[in-house]
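> Turn these sequences into a full structure, and let the hints guide you.
Number of protein chains: 4
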Amino acid sequence: MIRFECDYTTGAHPKILEALVNTNGEACPGYGEDPHCERAGAMLRELCRAPEAGVHFLVGGTQTNATVIAAALRPHQGVLCVETGHINVHETGAVEASGHKVLALPAEDGKIAARQIDEYCREHYNNAAWEHMVQPGMVYLSHPTELGTVYTLAELEQISAAARRWKLPLFVDGARLPCGLAASDIALPDLARLCDAFYLGGTKAGLLFGEAVVIANPALNKDFRYLIKQHGGMLAKGRLLGVQFEAFLTDGLFLEIGRRETAQAMRLRDAFQAKGWPLFVDSPTNQQFPVLPNGAMAALEEKYSFEVWAKADKSHTAVRFCTGWSTTDADVDALIEDIRML
Amino acid sequence: MIRFECDYTTGAHPKILEALVNTNGEACPGYGEDPHCERAGAMLRELCRAPEAGVHFLVGGTQTNATVIAAALRPHQGVLCVETGHINVHETGAVEASGHKVLALPAEDGKIAARQIDEYCREHYNNAAWEHMVQPGMVYLSHPTELGTVYTLAELEQISAAARRWKLPLFVDGARLPCGLAASDIALPDLARLCDAFYLGGTKAGLLFGEAVVIANPALNKDFRYLIKQHGGMLAKGRLLGVQFEAFLTDGLFLEIGRRETAQAMRLRDAFQAKGWPLFVDSPTNQQFPVLPNGAMAALEEKYSFEVWAKADKSHTAVRFCTGWSTTDADVDALIEDIRML
Amino acid sequence: MIRFECDYTTGAHPKILEALVNTNGEACPGYGEDPHCERAGAMLRELCRAPEAGVHFLVGGTQTNATVIAAALRPHQGVLCVETGHINVHETGAVEASGHKVLALPAEDGKIAARQIDEYCREHYNNAAWEHMVQPGMVYLSHPTELGTVYTLAELEQISAAARRWKLPLFVDGARLPCGLAASDIALPDLARLCDAFYLGGTKAGLLFGEAVVIANPALNKDFRYLIKQHGGMLAKGRLLGVQFEAFLTDGLFLEIGRRETAQAMRLRDAFQAKGWPLFVDSPTNQQFPVLPNGAMAALEEKYSFEVWAKADKSHTAVRFCTGWSTTDADVDALIEDIRML
Amino acid sequence: MIRFECDYTTGAHPKILEALVNTNGEACPGYGEDPHCERAGAMLRELCRAPEAGVHFLVGGTQTNATVIAAALRPHQGVLCVETGHINVHETGAVEASGHKVLALPAEDGKIAARQIDEYCREHYNNAAWEHMVQPGMVYLSHPTELGTVYTLAELEQISAAARRWKLPLFVDGARLPCGLAASDIALPDLARLCDAFYLGGTKAGLLFGEAVVIANPALNKDFRYLIKQHGGMLAKGRLLGVQFEAFLTDGLFLEIGRRETAQAMRLRDAFQAKGWPLFVDSPTNQQFPVLPNGAMAALEEKYSFEVWAKADKSHTAVRFCTGWSTTDADVDALIEDIRML
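Chains A, B, C and D, in that order, are what the protein sequence lines are. To convert, take the position in the first sequence, counting from 1, and add 1112; that gives the numbering used here. To convert, take the position in the second sequence, counting from 1, and add 1112; that gives the numbering used here. To convert, take the position in the third sequence, counting from 1, and add 1112; that gives the numbering used here. To convert, take the position in the fourth sequence, counting from 1, and add 1112; that gives the numbering used here.
Any given hint could be a false lead.
As a list, the in silico DSS-like pairs of lysine-lysine whose alpha-carbon atoms are at most 25 Å apart [unchecked claim]:
(1) B:Lys1415 <-> B:Lys1387
(2) C:Lys1415 <-> C:Lys1426
(3) A:Lys1127 <-> D:Lys1127
(4) B:Lys1334 <-> D:Lys1334
(5) C:Lys1127 <-> B:Lys1127
(6) D:Lys1426 <-> D:Lys1415
(7) A:Lys1279 <-> C:Lys1334
(8) B:Lys1334 <-> D:Lys1279
(9) B:Lys1387 <-> B:Lys1426
(10) D:Lys1334 <-> B:Lys1279
(11) A:Lys1334 <-> C:Lys1334
(12) B:Lys1279 <-> B:Lys1334
(13) C:Lys1279 <-> A:Lys1334
(14) C:Lys1423 <-> C:Lys1387
Some chain C residues near chain A, calculated using beta-carbon distances under 7 Å [stated by the list, open to error]:
(15) Ala1182
(16) Pro1187
(17) His1188
(18) Glu1243
(19) His1244
(20) Gln1247
(21) Arg1337
(22) Tyr1338
(23) Leu1339
(24) Lys1341
(25) Gln1342
Think of the hints as simulated: they come from the structure by calculation, not from any bench. Keep in mind that this is a model prediction, so the values were computed, not measured. Note that beta-carbon positions come from the ideal geometry of N, C-alpha and C, so glycine has one too.
Listed below in structure tokens is the structure:
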């Protein structure tokens, strides 16, 4: 079975693993107060050109989203997000478990628009019964989105402006940010400048685990470590996060992995299109959503793992193929050849 | 200003007020453990033909909804509800503040359908990532709905069957139940038989305040008073609720008020239709939603209070007129005449 | 049965009831946005000499405590309170249900000391693992306390100074504030000056229900009505609160009731002491805690209701007698005579 | 600096690291549904002689505690725990953040007694205002405790019987269970038989991270994976937990590490006692709490890291020395020699 079902099927990229092995015997203070976390934090601040930003390392994405959102909102506030957003669909209500409503907005391509923020807020404050409704308190988006699509820098600037117009912190979920950096014109300093907080995801780009949160807004950064601890995100051997991110940020490894995941996915995309299979959504990143004839799907399932996404019609199904740091040329070649032969 | 903006503009129905005045000097135990609450509970059990049901008296609807839902759900569960449902829109996220997602379903007329429950649950358990999604844990509906529409007994039976098929408690918000009883073929014993919990609303039908919760499901009733207290719903002078509901339930006063509110609304409905104004939604109860030319709206606003509901088009607006226990024939006559003259 | 078990056994003081009856037919906007609430708010601001303060009317004390505390704290913060505090013991964990720990401090007389605030905060920030512990985020006290004791103005000033030293909002639970005003040198303007928020309790001083929250701190007042609604505390017929507080605040009725409750309790206190019964705690307000021989307790229980408070030793029990607005001279005379005769 | 400040200063035990390296390239399904987790679960069930138990692998202890407790309690319930319990002191209110009060009981040696459970419950249900108080809903203890002390099998049997008498699930925090197994007569099958849930901690015994939860009570196990996900504890590359626990459970490695940590600590204990330093608490496991003269403390701090625990008197301080999987004979020898020479 060749696995294209997600981007976290294998362990760590060799350079990450090597760093872990090499530092295994070092004795460090716990809870992220070790020299590795310190260095990784400094490197990330430098890459973001944000010398004052807070940097925190957490284990996983759901935890990170719930922690940042809980840190930002007062109890009567909710977070604006597209209907397909990860926090709205795939985190078993972790945001609601912290007491907050996800204010879901429609979107065809997984992207929120600046216009939607303005409209939602305007309608909220125009409503006579506004105090009976959840107050919009934050904007959440993911880049790339759950559908693999990306924002342009211009779009992000408009969203940031809209959020600031309504005094809403902007939070970018970067679980797949290395691919987003590879496939858009948005760079780390843009995120640090335009967002109140964002994270650079490691889990889906070759780390064993780990998400690096950058908090540009000092009010949000205040006491943030208390919130990490409360949400169960403060790893005892926090150095494991520091060690991995040091390696990840060294010599642009994170960019290289993002570019490689994306490039492999583009080869798959070309093969789907050459075969005449439509794309459920046109994604420029490491998730690809071809619409397959059910017969072809069944044939491919014998040799490849991938995710069933949505029923397209009686005889077609949208599926998701994901590439990861460990996807080999041979894996992709095999799949392309099998598609061609179908 | 003649007020049609809601059904809680005035104090209590004379019989309710009289009961409060007459019992004012009695010394009773607190927190609903007084003879009045006991008698009112027994009367309601009798009216529901549910001798084993739990009956609890709370102050208001938001509190009641949040308390019942929190009592029923485990942390990973959410409550199925139409998008326009009160808990989804107008309770400032009280359900989410208890940790639970409202699983909102589309509906044009404010009503949930048995089919939607089946579909949602089937899709949930068919999804490979089901444990990453909020589990449906309860069904909530209001009768009448936020749009004034009512369920038929046949519909409620189907919904109850669907809910039981998936082992979901069914909870009916009866904030305006007296009107629902007047305008549908559903009677109190049907609710006690088909629901796990429901409430008979007093606030919108002539009480100063008060909602009587009937809990037919013993598992849900267990320890319910702890939850009332935790949610701030245990009135110190609980006898005020008992006294009011005793009067409300005596000689069918609650039914009489429901019928009267509904009848006054039907007179308004006829006037809107006679004028040729379409109805935003066709409601058989005390909330009426005509679509007014903006000029007519402005003219009526000088003399009457009512609620702007939705913009219909550039020159028309859907509004809501509500009748209440204290709406007089003269109030309605005046409005009908003014409409005719416009 | 003559009831001394609590201060909410009967309905409303005649002047309060009269106001409710007289205004019953008025049609008002809902949710506290009516002229009565407006006037009562203005009267209270005037009495507090706090023209900028927010004033909000809620139904009950548990609800009020939970709402104010939730409004003030970030998720990692807790509220300092004595072990016997109402929020720590008698609200079924309503504060925890909002996500916050009650940081309980020992106290023999039910009173928190400025010194304890300083010590707790100093220790917290000196602890190496401070971020692993709940951060003190607020100071809560009740005046009078659960044990009937009161603060002096000097004590309150010290507490306020300590709270401000650590940037902790100070919140005073005034469920029995009318008695506190009668039995201490603290006046309403002192509370408005020294606290961030406090409330004047009506339920235990002759209203049907109702607590008037005064919020002196603008940051805490911001969006407070959203929180009231979320906590189920926004009464639909909010005018009932306004009407009652208008009467309560007129011509010092609240002070008169507080003084009267306290004076009746002092007569009981004298009788206990004349009998040679020790006081479990020496309370100058409407709650009295004599330690009774068990035989005397059993004898009194036949004619009077009162609360068993704590076992003193094998043959003695501390109990609580409460006077209320409706406690008559005859009630007190009868009890005094029966004590004398035992 | 030789680090005795905690038991998680270094990376993984060589056998654990080797397993991670050897399996790094395998492609597995995510979220704990891989063959390694399956095998490790089967091994643990076998070791517990609990073929029907649920086994789940989480990343850290705070997360595990919060998840198990949230899974077990209804909203009005709290968890009984000694005042020094980890959930009461060192998890930044994670239990309260899930809505539940920690019901803290006094204890000198960090241990809860069966008698305390009985007393607390009896008092709760005897109290007239019981519904106004948090209901005891679970018993939590740690073995070893925060103070390094352990339960005997007889004590655990009594506690289990008391918990079952009151229908309270019993949950054992085994963050340091390998040491507990080494230093008490309690074995894994005893825990599976006497508890509703417990966990075997890996983080403090040579894993990079990871806690294995065994849930013997099927009602508590139901839907548990939803709760893991909601609490951010479902590791994407869940195989990392399976791989580590496979190695940990093979040939008794977990027992060997527990024995070794404990043996090193006993050598320190002997040295403290030989020096005449009293023990703050007499611990038979890997945490040792000598009371040091402040001068000696200052001298040792130059070469060793350890934790200041409590001020004993003006000139003495209780401190904590922890041994871990990687504590070498040389580390211990050096410290012993330095103590002797002081």
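> Compare the structure with each hint and give your call.
Quick rundown of the hints versus the structure:
1. B:Lys1415 <-> B:Lys1387: Roughly 18 Å separates the two Cα atoms, so the pair holds.
2. C:Lys1415 <-> C:Lys1426: Status holds; Cα separation ~23 Å.
3. A:Lys1127 <-> D:Lys1127: The hint holds at about 21 Å.
4. B:Lys1334 <-> D:Lys1334: Satisfied, since the Cα-Cα distance of roughly 20 Å is no more than 25 Å.
5. C:Lys1127 <-> B:Lys1127: Answer holds: C:Lys1127 to B:Lys1127 is near 21 Å, not above 25 Å.
6. D:Lys1426 <-> D:Lys1415: holds (23 Å)
7. A:Lys1279 <-> C:Lys1334: holds (14 Å)
8. B:Lys1334 <-> D:Lys1279: Given pair B:Lys1334, D:Lys1279 holds - Cα atoms ~14 Å apart, limit 25 Å.
9. B:Lys1387 <-> B:Lys1426: holds (20 Å)
10. D:Lys1334 <-> B:Lys1279: holds (14 Å)
11. A:Lys1334 <-> C:Lys1334: holds (20 Å)
12. B:Lys1279 <-> B:Lys1334: Given that 25 Å is the threshold and the Cα spacing comes to 18 Å, the pair holds.
13. C:Lys1279 <-> A:Lys1334: holds (14 Å)
14. C:Lys1423 <-> C:Lys1387: holds (19 Å)
15. Ala1182: It holds, given that the least Cβ distance between C:Ala1182 and chain A is near 5 Å, below 7 Å.
16. Pro1187: holds (5 Å)
17. His1188: holds (4 Å)
18. Glu1243: holds (4 Å)
19. His1244: holds (5 Å)
20. Gln1247: It holds, given that the least Cβ distance between C:Gln1247 and chain A is near 6 Å, below 7 Å.
21. Arg1337: holds (4 Å)
22. Tyr1338: holds (4 Å)
23. Leu1339: holds (5 Å)
24. Lys1341: With a closest approach of 5 Å, the C:Lys1341 hint holds.
25. Gln1342: Hint on C:Gln1342: holds, closest Cβ of chain A at ~5 Å, below 7 Å.
Consistency note: the structure conflicts with none of the earlier hints.
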